[in-house]
Amino acid sequence: MAAVPPASEDVLDVIGNTRCVKLRHVVPEGCADVFLKLESLNPTGSYKDRMARSIVEEAELRGGLKPGTTLVEATGGSTGSSLAFVCAIKGYEFQVVCSDAFSTEKLRTMAAFGAKLDLVLSPTKRITPDLFPSMRERAHSLAQRPDHYFVDQFNNKDALVGYRILGEELLQQLPDGVDGFCAAVGGAGMIMGVAKVLKSQSKPCEVVVLEPEAAPFLTTGRGGVHGIEGIGAGMIPPLLDKALYDEV
5 MAAVPPASED VLDVIGNTRC VKLRHVVPEG CADVFLKLES LNPTGSYKDR
55 MARSIVEEAE LRGGLKPGTT LVEATGGSTG SSLAFVCAIK GYEFQVVCSD
105 AFSTEKLRTM AAFGAKLDLV LSPTKRITPD LFPSMRERAH SLAQRPDHYF
155 VDQFNNKDAL VGYRILGEEL LQQLPDGVDG FCAAVGGAGM IMGVAKVLKS
205 QSKPCEVVVL EPEAAPFLTT GRGGVHGIEG IGAGMIPPLL DKALYDEV
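Mapping of the sequence shown onto my numbering: residues 5 to 252, in sequence order.
It should be emphasised that the hints constitute simulated quantities derived from the structure, not laboratory data.
C-beta atoms are modelled at their ideal positions from N, C-alpha and C, and glycine is treated no differently.
Fair warning: there could be bad hints in the mix.
[To be verified] Ranges of calculated distance between the beta carbons of each label pair, as one might list FRET restraints:
no., residue 1, residue 2, range
1, S206, D122, 45 to 53 Å
2, D134, V18, 31 to 39 Å
3, D122, K207, 40 to 48 Å
4, H152, T224, 12 to 20 Å
5, G68, V31, 40 to 48 Å
6, G95, E217, 29 to 37 Å
7, K129, A11, 39 to 47 Å
[What the hints assert, rightly or not] 27 Å max Cα-Cα, derived DSS-like pairs, lysine-lysine:
no., residue 1, residue 2
8, K94, K70
9, K120, K41
10, K26, K41
11, K203, K246
12, K129, K110
13, K26, K203
14, K161, K70
15, K246, K207
16, K120, K94
17, K203, K161
18, K120, K110
19, K41, K200
20, K246, K41
21, K120, K70
22, K41, K70
23, K41, K207
24, K94, K110
25, K41, K110
26, K200, K161
27, K246, K200
28, K161, K110
29, K161, K246
30, K41, K203
31, K26, K200
32, K94, K161
33, K26, K207
Required output: the full structure, derived from the provided sequences and hints.
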């Protein structure tokens with residue numbers, strides 16, 4: 005029987021150290037070895053737990069958060085659920101600006117973790133090029149109130165702290181090195197944090213950024229209406245560094 009991790013006294017310590025598995029049945033015969041990082045094993049089922057924890061704890065280390073602070077962010081779901089979860093554990097209030105363009109399940113999950121929802125309505129109930137900018141503007145406005153803290157995930161480099169750990173885990177789990185890594189881009193924190201680690205290994209690593217076909221903003225500068233939540237924000241994320249990826 006494989007060793008079982010000991011019980012944890014803090015649920016935040018369960019974030020990360022997720023398993024990595026080789027795909028065998030859904031890949032073409034004779035292809036390269038393809039591995040999948042099971043980030044669904046994080047407490048809320050998302051790799052965004054890593055970012056939420058690092059953003060909050062880095063702000064705490066700088067003295068930017070204190071008891072009674074309300075964190076504010078604009079998000080379509082997974083980031084909101086992760087931030088709501090971390091805030092609930094640490095005792096902070098969390099207000100999330102979201103939209104009816106996102107799934108009811110995600111909105112309910114954020115609320116279940118204690119988030120206060122502020123909805124920006126989408127006329128088509130789909131993700132449009134101007135939706136995220138509108139949400140972010142609303143969140144920035146709400147965060148100007150006393151004892152409020154704007155998370156600002158699209159510009160917050162604290163997110164990279166948690167995601168660098170993900171990259172380090174991959175190198176430990178794949179000791180022969182990583183030849184390529186791909187991930188879809190929303191705020192770009194995850195792929196940039198991981199890419200910085202993988203690009204520092206001894207062997208070359210090709211990093212591929214993914215975006216919705218219907219909203220190819222990174223490749224054409226043209227946004228579009230699409231239904232893939234969490235990516236394709238209709239902008240070039242400030243954290244996206246062209247020096248750290250090879251292809252879109």
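Q) Regarding the pair K120 and K41, is the alpha-carbon distance no greater than 27 Å? A) Given that 27 Å is the threshold and the Cα spacing comes to 31 Å, the pair is violated.
(Q) 40 to 48 Å was suggested as the range; check whether the CB atoms of D122 and K207 agree with it. (A) Taking Cβ atoms as reference, D122 and K207 lie about 46 Å apart, which means the hint holds.
Q) Would the pair K246 and K41 pass a check requiring their Cα atoms to be no farther apart than 27 Å? A) holds, 24 Å
Q. Does K41 pair with K207 here, judged by a C-alpha cut-off of 27 Å?
A. holds, 20 Å
Q) Is K200 within 27 Å of K161, Cα to Cα? A) Measuring from Cα to Cα gives roughly 13 Å; hence the hint holds.
Q) Is the straight-line distance between the alpha-carbon of K41 and that of K70 27 Å or less? A) This hinted pair is violated, its Cα atoms lying about 34 Å apart.
Q. Taking 39 to 47 Å as the hint, is the beta-carbon distance of K129 and A11 inside that range?
A. holds, 43 Å
Q.
For a C-alpha distance cap of 27 Å, please report whether K129 and K110 respect it.
A. Between K129 and K110 the Cα gap is close to 14 Å, so the pair holds against 27 Å.
Q: Given the hint that K26 pairs with K203, test it: the Cα-Cα distance must not exceed 27 Å.
A: Satisfied, since the Cα-Cα distance of roughly 21 Å is no more than 27 Å.
Q: Indicate whether the distance between the beta carbons of H152 and T224 respects the range 12 to 20 Å.
A: violated, 37 Å
Q. Are G68 and V31 spaced within 40 to 48 Å by their CB atoms?
A. Distance hint for G68, V31 holds at roughly 44 Å.
Q | K161 paired with K70 [C-alpha distance capped at 27 Å] | A | holds, 20 Å
Comparing the model with each earlier hint shows violations of hints 4, 6, 9, 22; every other hint is respected.
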